[in-house]
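Peer 1: Dock chain B against chain A, hints included.
Those protein sequence lines, which keep their order, are chains A and B.
Start counting the first sequence at 0; every next residue gets the next number (numbering that gives the first Met the number 0).
Start counting the second sequence at 0; every next residue gets the next number (numbering that gives the first Met the number 0).
Watch out, some of these pointers could steer you wrong.
[Unchecked claim] Once the Cα atoms are required to be at most 30 Å apart in a straight line, the calculated DSBU-like pairs of lysine-lysine come out as:
#1 B:177 - A:103
#2 A:116 - B:67
#3 B:64 - A:70
#4 A:116 - A:103
#5 A:99 - B:67
#6 B:389 - B:165
#7 A:37 - B:64
#8 A:20 - A:99
#9 B:389 - B:4
#10 A:37 - B:67
#11 B:102 - B:127
#12 B:64 - A:99
#13 A:70 - B:67
#14 B:237 - B:249
#15 A:103 - A:9
#16 A:73 - A:14
#17 B:64 - B:4
#18 B:249 - B:392
#19 B:456 - B:392
#20 B:177 - B:9
#21 B:165 - B:177
#22 A:73 - B:177
#23 B:392 - A:116
#24 A:130 - A:37
#25 A:130 - B:67
#26 B:67 - B:174
#27 B:237 - A:116
#28 B:237 - B:257
#29 B:64 - A:103
#30 A:116 - B:64
#31 B:64 - A:130
#32 B:249 - B:458
[As the list claims (entries may be wrong)] Computed spacing ranges between beta-carbons, pair by pair:
#33 A:15 - B:127: 49 to 55 Å
#34 B:158 - A:28: 56 to 62 Å
#35 B:100 - A:108: 24 to 30 Å
#36 A:72 - B:415: 49 to 55 Å
#37 B:68 - A:72: 20 to 26 Å
#38 B:22 - A:134: 23 to 29 Å
Think of the hints as simulated: they come from the structure by calculation, not from any bench.
Model, not experiment: these values are computed from the prediction.
Note that the Cβ used here is the ideal one computed from N, Cα and C, for glycine as well.
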Amino acid sequence: MKYSKHFLEKRIINKNAAAEKTIRYLFIIETYSHDIVKNIIREYVLCKFVLEEEDVTTENLLHLAKISIRKAIKNNELYWDMRDCQGTSESMTKKVLFIKSIEKYLNIQLSQQEYIKLDTLDDLTAIVINKMSSLVMNDIQQ
Amino acid sequence: MAIRKTTEVKFRIKPVFFNLEHEGPHPERAQDITSNSSYEGPCRLGDGELLTNDFDKKAGAEKFKIFKENLDGYPDYVEIINPVYLYWTDGFVYTNMYYEKLKDDLGNSDFLLAEGVLHQYPILRIAKSAGIASGIIACCSTDFSAGARKHGIESYAFVDHEHTIKYMRLLRAKKAFKTMKVLYIVQDMVYPYGTVSNAELTSLSEIHGIDSQVLNAETLFDAVRNLTHKQEHEAVDKARELADGASWNKMTEDNIRKSCRLYVTVKGLLEKYDCNAFTMPCHEVCATRLFNDEFKFTPCLTHSLLKEDGIPSGCELDLNCLLGISILENLTGTAPHMGNTGPYFEPDKSDMSVPNGLPLLTNLSKEDKDNVFYTFHAVQTRKEKGLNSKNSKYGIQSFTVSGWGATIRPDMSGDIGETITLVRFSPDVKKMIVIKGDIIAISGNEDIGCATGFYWKCKDGRDAFWKQQNFGHHLAWTYGDHVRDLQELGDMIGVEVITS
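Chain A on its own, in the form it takes in the complex (with noise of 0.2 Å):
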């Protein structure tokens, strides 16, 4: 079945505004527990990768990228995850730009050596939480 243009763009737009009311929850939730924060950040994936519940079959953020973007090609085997000029494959490219969204949302800045170990939902759940509980012990201290 052939999407829109527009129908595809709405589903972006529609998506993306999910995703900043569920990354918000972060700063609502008074404790941050593993599996809360994991599941807020699970479902901000979903949206932001636009991919739906049965697409999720595996926790690991670049395959996610990978399987979002196979998605949004409709599973073209021909083209995808091409690399630009500087090897930088286009899953690369997603999943640098969705850490950065996080950061971006969270006011959080992981450094390049914390980055390079994200690579699952985990990862990603267990540095947000020392990133959110520091921001929050410095806010007492202030």
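Peer 2: What follows is chain B alone, placed relative to chain A:
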């Protein structure tokens, strides 16, 4: 000290991912001195977050992760030394700091392997400082290889990691070849009377950096006479293993044991003199009568068993063929055979005999006859299809009518039609002949003596024989078509490869 087998040599690589992290316009060049990394250009297109320094850092981290994951898939004979991430900025300033960071590891490595972004220049500078062979994967790799070669650096271009792995095999074989040290037995002469095309020991050293240890045959035989109990037991066990595993056996186990005594002796001497390849005279030692009167062995089984152990070993002090055995053993991971090789054809032949008592081949077309060669010597192995493979089915026959001098006879009956590659170095060791053929008939598998081997067919027998005249009569061979690999390996080693 254990024998430093060339087949166990590891190829040590230092992997570097060298990224380009845009920081912003050069302060001295920019109109606006405010640091701002967001600009598009020839290799970076996009907008917003894609043009930030942070994006470059994170994307670089992601690519470094993939780089390391790819390295995990390299074969065991490649030793990976601490992959590192380095970067420079769009100021394009290279300093010696990069080399200093890598210096210690590079000193312990054989190869600098790099991937990255606009990294040809820094990798070239590092390679030059270290004087190390290098290669780049993916984009712009041929720019690096050409540029580095211009500076006298051994360098290579790789398409991707799969391609790199293919060449790691050749590079390891080259390193293994260069780490040879030959135990060279002499009997009142330096060069053999039966192989006048033989290379000079000094040529091996000067041209290929291959060392040797010359030992008098009398020292070898004294060692045989003075084996330790442990060595004698080892000879007994080896003889039993050979006899028990053979599908047919024309020798007594005791006579096999006598041949094994030379094998265990040579192994001991290889260890003692830190050698990892072996050759000894045949005719000259035979003429001392010691084989016949005292020891009741020939070197044949020793050559076979050493090759099965991953130690190149060749007949008749033929260094040129020994080099070929070493190349094949290390490139293909097999225990190659070697033998007298010559053409079956002779257009004007008036009698029906073939050299050395080999059986006639009937039912050959004229065209086939012109392209058929024979190869025979009694030094075949049970591992001609792979050092790590199960032993092939084999028999044992004596070299002599008297029943001593054990030789291994693998069952080649299923190998008709199999492609083989034959190799030999030239007398000046600056060239290597490589011939491809297909086995067409087996010969003398159960016969006493040396005339055991096979017939094979090549594309142009006249061409092959014409070229062989510059090389010699003993050729080493193994299964498979390795011509292309040998051409490239020959290039790496610095020998001209002559093919037919």
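Peer 1: Give a verdict on every hint.
Peer 2: Now the hints, each set against the structure:
no.: 1; hint: B:177 - A:103; result: 56 Å, violated
no.: 2; hint: A:116 - B:67; result: 13 Å, holds
no.: 3; hint: B:64 - A:70; result: 24 Å, holds
no.: 4; hint: A:116 - A:103; result: 19 Å, holds
no.: 5; hint: A:99 - B:67; result: 23 Å, holds
no.: 6; hint: B:389 - B:165; result: 24 Å, holds
no.: 7; hint: A:37 - B:64; result: 23 Å, holds
no.: 8; hint: A:20 - A:99; result: 17 Å, holds
no.: 9; hint: B:389 - B:4; result: 20 Å, holds
no.: 10; hint: A:37 - B:67; result: 27 Å, holds
no.: 11; hint: B:102 - B:127; result: 12 Å, holds
no.: 12; hint: B:64 - A:99; result: 18 Å, holds
no.: 13; hint: A:70 - B:67; result: 28 Å, holds
no.: 14; hint: B:237 - B:249; result: 17 Å, holds
no.: 15; hint: A:103 - A:9; result: 23 Å, holds
no.: 16; hint: A:73 - A:14; result: 18 Å, holds
no.: 17; hint: B:64 - B:4; result: 34 Å, violated
no.: 18; hint: B:249 - B:392; result: 15 Å, holds
no.: 19; hint: B:456 - B:392; result: 24 Å, holds
no.: 20; hint: B:177 - B:9; result: 13 Å, holds
no.: 21; hint: B:165 - B:177; result: 19 Å, holds
no.: 22; hint: A:73 - B:177; result: 53 Å, violated
no.: 23; hint: B:392 - A:116; result: 52 Å, violated
no.: 24; hint: A:130 - A:37; result: 14 Å, holds
no.: 25; hint: A:130 - B:67; result: 27 Å, holds
no.: 26; hint: B:67 - B:174; result: 24 Å, holds
no.: 27; hint: B:237 - A:116; result: 53 Å, violated
no.: 28; hint: B:237 - B:257; result: 10 Å, holds
no.: 29; hint: B:64 - A:103; result: 24 Å, holds
no.: 30; hint: A:116 - B:64; result: 9 Å, holds
no.: 31; hint: B:64 - A:130; result: 23 Å, holds
no.: 32; hint: B:249 - B:458; result: 37 Å, violated
no.: 33; hint: A:15 - B:127: 49 to 55 Å; result: 50 Å, holds
no.: 34; hint: B:158 - A:28: 56 to 62 Å; result: 49 Å, violated
no.: 35; hint: B:100 - A:108: 24 to 30 Å; result: 26 Å, holds
no.: 36; hint: A:72 - B:415: 49 to 55 Å; result: 51 Å, holds
no.: 37; hint: B:68 - A:72: 20 to 26 Å; result: 24 Å, holds
no.: 38; hint: B:22 - A:134: 23 to 29 Å; result: 27 Å, holds
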